[in-house]
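2 protein chains.
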Amino acid sequence: MASEQQIKEQVQPFDQSSKDRAEQVLAGNVRAASRLITEAQNGHAAARDVLTYLYPHCGQAHLIGVTGPPGVGKSTLVSALICELRRREMTVGVVAVDPSSPFSGGAVLGDRDRMEGFSRDRDVFIRSLASRGASGGLCAVANDAVDVLDAMGKDVVLIETVGVGQSEVEIAQIANTVILTLVPGYGDSLQAMKAGVMEIADILVVNKADTPGADGAVNDLRSMDYYQAVPRGDEMWQVPILKTNARRGEGVDELVSEVFRQIEFAGKTGWKEARQKARRTRQFVDMLTSRIRSDFTDSMDKDVRVTALIQKIESMETDPYTACAEILEKFRAAYK
Amino acid sequence: MASEQQIKEQVQPFDQSSKDRAEQVLAGNVRAASRLITEAQNGHAAARDVLTYLYPHCGQAHLIGVTGPPGVGKSTLVSALICELRRREMTVGVVAVDPSSPFSGGAVLGDRDRMEGFSRDRDVFIRSLASRGASGGLCAVANDAVDVLDAMGKDVVLIETVGVGQSEVEIAQIANTVILTLVPGYGDSLQAMKAGVMEIADILVVNKADTPGADGAVNDLRSMDYYQAVPRGDEMWQVPILKTNARRGEGVDELVSEVFRQIEFAGKTGWKEARQKARRTRQFVDMLTSRIRSDFTDSMDKDVRVTALIQKIESMETDPYTACAEILEKFRAAYK
Numbered sequence: 032m033a034s035e036q037q038i039k040e041q042v043q044p045f046d047q048s049s050k051d052r053a054e055q056v057l058a059g060n061v062r063a064a065s066r067l068i069t070e071a072q073n074g075h076a077a078a079r080d081v082l083t084y085l086y087p088h089c090g091q092a093h094l095i096g097v098t099g100p101p102g103v104g105k106s107t108l109v110s111a112l113i114c115e116l117r118r119r120e121m122t123v124g125v126v127a128v129d130p131s132s133p134f135s136g137g138a139v140l141g142d143r144d145r146m147e148g149f150s151r152d153r154d155v156f157i158r159s160l161a162s163r164g165a166s167g168g169l170c171a172v173a174n175d176a177v178d179v180l181d182a183m184g185k186d187v188v189l190i191e192t193v194g195v196g197q198s199e200v201e202i203a204q205i206a207n208t209v210i211l212t213l214v215p216g217y218g219d220s221l222q223a224m225k226a227g228v229m230e231i232a233d234i235l236v237v238n239k240a241d242t243p244g245a246d247g248a249v250n251d252l253r254s255m256d257y258y259q260a261v262p263r264g265d266e267m268w269q270v271p272i273l274k275t276n277a278r279r280g281e282g283v284d285e286l287v288s289e290v291f292r293q294i295e296f297a298g299k300t301g302w303k304e305a306r307q308k309a310r311r312t313r314q315f316v317d318m319l320t321s322r323i324r325s326d327f328t329d330s331m332d333k334d335v336r337v338t339a340l341i342q343k344i345e346s347m348e349t350d351p352y353t354a355c356a357e358i359l360e361k362f363r364a365a366y367k
Numbered sequence: 032m033a034s035e036q037q038i039k040e041q042v043q044p045f046d047q048s049s050k051d052r053a054e055q056v057l058a059g060n061v062r063a064a065s066r067l068i069t070e071a072q073n074g075h076a077a078a079r080d081v082l083t084y085l086y087p088h089c090g091q092a093h094l095i096g097v098t099g100p101p102g103v104g105k106s107t108l109v110s111a112l113i114c115e116l117r118r119r120e121m122t123v124g125v126v127a128v129d130p131s132s133p134f135s136g137g138a139v140l141g142d143r144d145r146m147e148g149f150s151r152d153r154d155v156f157i158r159s160l161a162s163r164g165a166s167g168g169l170c171a172v173a174n175d176a177v178d179v180l181d182a183m184g185k186d187v188v189l190i191e192t193v194g195v196g197q198s199e200v201e202i203a204q205i206a207n208t209v210i211l212t213l214v215p216g217y218g219d220s221l222q223a224m225k226a227g228v229m230e231i232a233d234i235l236v237v238n239k240a241d242t243p244g245a246d247g248a249v250n251d252l253r254s255m256d257y258y259q260a261v262p263r264g265d266e267m268w269q270v271p272i273l274k275t276n277a278r279r280g281e282g283v284d285e286l287v288s289e290v291f292r293q294i295e296f297a298g299k300t301g302w303k304e305a306r307q308k309a310r311r312t313r314q315f316v317d318m319l320t321s322r323i324r325s326d327f328t329d330s331m332d333k334d335v336r337v338t339a340l341i342q343k344i345e346s347m348e349t350d351p352y353t354a355c356a357e358i359l360e361k362f363r364a365a366y367k
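Chains A and B, in that order, give the protein sequences. FYI, the numbering for the first sequence is 32 to 367, going by our numbering. FYI, the numbering for the second sequence is 32 to 367, going by our numbering.
Wrong hints could be hidden among the right ones.
A pair counts as met if it fits within one copy or between any two copies, since identical chains are not told apart.
[Said to hold, decoys possible] When the alpha-carbon atoms are kept at most 27 Å apart in a straight line, the in silico DSSO-like pairs for lysine-lysine are as follows:
| # | residue 1 | residue 2 |
| --- | --- | --- |
| 1 | Lys50 | Lys343 |
| 2 | Lys308 | Lys343 |
| 3 | Lys50 | Lys333 |
| 4 | Lys343 | Lys361 |
| 5 | Lys274 | Lys333 |
| 6 | Lys361 | Lys333 |
| 7 | Lys343 | Lys333 |
| 8 | Lys343 | Lys299 |
| 9 | Lys333 | Lys299 |
| 10 | Lys308 | Lys50 |
| 11 | Lys333 | Lys308 |
| 12 | Lys361 | Lys274 |
| 13 | Lys361 | Lys299 |
| 14 | Lys50 | Lys274 |
| 15 | Lys308 | Lys274 |
| 16 | Lys343 | Lys274 |
| 17 | Lys50 | Lys299 |
Quick caveat, the hints were computed from the structure, so don't treat them as lab data.
Starting from the given sequences, assemble the full structure and let the hints guide the process.
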């Protein structure tokens, strides 16, 4: 546990250079990392500078996604995974993305409980990100947070998200290994998930294995044609289907072993590299789009030519389609 | 009801000019309008051409939003509003946006039922839009659909959407008048709604007025400080709080009268104009951002310079922050 003195030393002055701040994150400084993620979430330009320094140090951590519909015990499973990974002497970061649905507010509280449980372990860093409006934005912040924990030197970064919406699927895809969590009687929850969640699963887990019907659920999933073998790059991967009781820690050792078997497979077959590349491209396009958006919005009050254009649109003197086509033409000319 | 012959005449050849297609929509041709909305939804470039022709003809319809949490009877209320508006000899268009949550699939079926009910009335046009991934995208399609119904010459366009997420609030804001629908015991549902829904309401409706507690709910809302008067431009608007039983059509006459009282107020005070301007600006920025995104994504495989850039990002030779800043710089130079 960090002593009072240590915590005091971690307090950062706010006039540091981006390079100094990046070096503190690289040295594993929890407060520096925390502050950076908060700034990234709030869209501060300063955060981008620090992240630029961190970028070359990313790509070392194993990124493991834990997804599934609400109520399957994802938070509990993540806690159990942390314990098992710590038993194996690995350092762990967690990025927990709160669901965008206002109807299930459970995750936030659960997350606080978890943070409490691990607050004395300096090798565990848990960060929850609340859904804030635009889904593209949340995925961008999740990417940044994962990069920060990766750069801090965590051996494993767990990305926890509800697998119900398109944006959540995109967040899970940041990971190199995706664990889809279900419970006995998962039929309804499968229907509740968007198409695309099943496809990205590398490992299936039937949690709450003490519930009646757990064995039946596992057998049903094993008999699904889809899960005989899924394409992963040029090779086929046999999706393991496991039973856990996360609350008691049962089956978690085996799950972690299967995760590392998948990591080895993904590394050898080029699948990990393909996933990473896809992630970086998505991240870039998201970033470019959202920055162009905010830059343009900012300039509506400042730049005379943009102000004039907006006035023409507001007064319906020009239509948005024509105005859009004109700017797009200029943009094309600019990046080509 | 349209005769077989009339329907036959409405079938459109697919090699028409955009101008011809726009003129058919302006003449109230249902099939031409329907096809155009479908094309806009699928992102066809042809749709943009037709919409450009329609644009100067928009802005005549009263745009009325009907929002509220799931289960308050929005669909039933919209049906009752259609009946009352038709009784007043107004033509009506409806854009019903299905909720993005996969947990409440009720709206789609309900919508089909409604369409059935009004299918013989040529002066009613109901169009439902399913949530498809990106929220920005759905709002853009809703904007287009509203413009099409407006250009068709509908006196009133009703925009029905669930008031739970940020994107749904944005969709409701397309309207000039927003009706927020609640039910007795609305406390929980208010909490379920995102901040921002209460603020955009011009009229509050407590539906299912035959449920116990309806009068109490109305009194509670009337005693809320917030609803004593809300700022609308430079003036204050006293939000009417009404009771309806949409299933029996009770209270709907009064609701429509209050809507037109608000429309008059909004017209006189400049609030309607302010809302319309804000809508046009939002629509334009959404359009610009999504077109830049798709244009850039398309060019990743085609344009050598973009391909080279993406390869550098994938191999982590350059970081996305630096690459983004470079393109943004060029973009700024382009539009300024």
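Subject >> Violations among the numbered hints, reported as their numbers in ascending order >> reply: 3, 5, 9, 12, 13, 14, 15, 16, 17
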